[in-house]
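> Read off the chains here:
Protein chains: 2
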Amino acid sequence: MNNRRQEILYTTSQLMETQGYHATGVNQILEASGAPKGSLYYYFPDGKDSLTEQVIQQTAERIESRIRLVMAEHDDPATAVAAFFVTLSGSVEAADYASGGPITTIALEVASTNERLNAACHAAYGRWQQAFADKLLAHGYPEESAYPLATLIISAIEGATILARSQKSVRPLHESGQQLARLLEATRP
Amino acid sequence: MNNRRQEILYTTSQLMETQGYHATGVNQILEASGAPKGSLYYYFPDGKDSLTEQVIQQTAERIESRIRLVMAEHDDPATAVAAFFVTLSGSVEAADYASGGPITTIALEVASTNERLNAACHAAYGRWQQAFADKLLAHGYPEESAYPLATLIISAIEGATILARSQKSVRPLHESGQQLARLLEATRP
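If you read the protein sequences in the order shown, they are chains R and B. One point on numbering: in numbering that gives the first Met the number 0, the residue at position 146 of the first sequence is 145, and numbering is uninterrupted. One point on numbering: in numbering that gives the first Met the number 0, the residue at position 49 of the second sequence is 48, and numbering is uninterrupted.
None of these hints come from the bench; they were simulated from the model. One or more of the hints may lead you astray.
Simulated coverage check for chain B against chain R, where a stretch passes if three residues somewhere in it have a Cβ under 8 Å from a Cβ of chain R [claimed, not checked]:
id	region
1	1–13
2	19–31
3	40–47
4	119–133
5	155–165
6	172–185
Glycine residues also receive a C-beta, built at the ideal position from the N, C-alpha and C atoms.
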C-alpha cells in the first residue's frame, strides 16, 4: 500500500461522500490531497473512473468488515442489527450529518449513466446484503427469508441515512433499527 | 397554472431525477424545455434554487397523493403497504431504471450545502411519513408504533429504489414491501 495512492483514494472518497461524483473534479481531488497531477494518472491510468471504482471497492470492503464485526459482537440477530444502526448513527452524527451513505450519491448518479461504476456499486450492496444474510442463516432463518430480510435491512440503512442527513437527527436511524429488530424477533425461526 | 411554467418545472424534475441537482444547469433546462431564458427568470426570479424548491414541493404533493390513494384502495395496512411497493416498482421498471426516488439525489446533494433546499426535502419526507402514519393510526396502531413504522417504510422506499436502480431489477422493492407487510402483520394491534 502506497501512501500517496491511499491519500488520493481517501480524499476522493471524502469529497464524493459529501458532494457526489459529478461535482467532484480531478482538479479538486489534486488540490485537496496535495498530490501532483502526474501521480494521480500514475496510480489511476484511466483517471476519475478507475479512481472512483477503487473508492467504491475499498468502501465496500470497509463497510462489510464493519457489518461483520457488529454481527459478531452480538449473538442475537435482532440485537445485532439494532446495534449496527446505533453505530451507524454515531458516525453520521460525528460527521455533523455531512457524510454517511458513502456510495449512495454515486450509486444514484451512475445508475443509468456509467455501467462500470454502476457494477461496482451493485457489487458493494451485494457484499453488505450477504454479510447480514450470513448472520440470519447462522441463526436458522431459512434462505427464502434471510435474503429478503437482508435486502430490507440494506434498503433501510440507505434510506434512513438519507433521512437522518436531511433532518440532521439520528432518530430515523434509531427508529428504523428498532423496527427491524421487531421484525427479526417476530420472524425468528 | 401556466403551461410554460409547468413545462419548465416538469423538465427540471425529469433532469434532476436522472442526473441530480449539481449536474443540471439552467442552460440545459432551457434547452430541454424550449423555454426562453427570460421566461425562466420571470417565473423563478431566484433562478435555479427557487425552481428546484418548487420542483421538490410539487413532487412532495404528487407522491403524497399517490401514497394516500394506494392506502385508500386497500383496507388492510400490510396489504396496502406491499401494494405501494408494487406500484412503485412498476414506475421504476417503466422508466427503465433511469428514474425513481425523485428527490433522493437532490436530498443528498443539498443536505449539507443548501439550507433552503434541504428544508424542502425534509418537509417532503415528513408529508410522506404522515401519509403512512395516518393509515396505521386509523387501524389502531398506537402513535409510538405508527410513527417509527412509517419512518422505516419511507427509509425502505428510498433505499430499495436505489438498490432497484443499481441492480436494474424490481426485486429489492418487492422483497422490501413483503417484509414490511410481515412486520405490520406481526405488530397489528
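> Okay, the region 1–13 of chain B and chain R, do three or more residues pass the C-beta test at under 8 Å?
Three-residue rule not met by the region 1–13 of chain B, so violated; n is 0.
> Against chain R, does the region 119–133 of chain B show at least 3 residues with beta-carbon separation below 8 Å?
holds (count 3)
> For the region 19–31 of chain B, does the count of residues with a C-beta closer than 8 Å to a C-beta of chain R reach 3?
holds (count 3)
> Tell me if chain R covers the region 40–47 of chain B under the three-residue, 8 Å CB rule, please?
violated (count 0)
> Please verify the coverage claim for the region 155–165 of chain B: does it have three or more residues whose C-beta sits within 8 Å of some C-beta in chain R?
holds (count 9)
> How does the region 172–185 of chain B fare against chain R when you require at least three residues with a CB closer than 8 Å, holds or violated?
With 8 residues close enough to chain R, the hint holds.
When the structure is compared with the earlier hints, violations turn up for hints 1, 3 and for no others.
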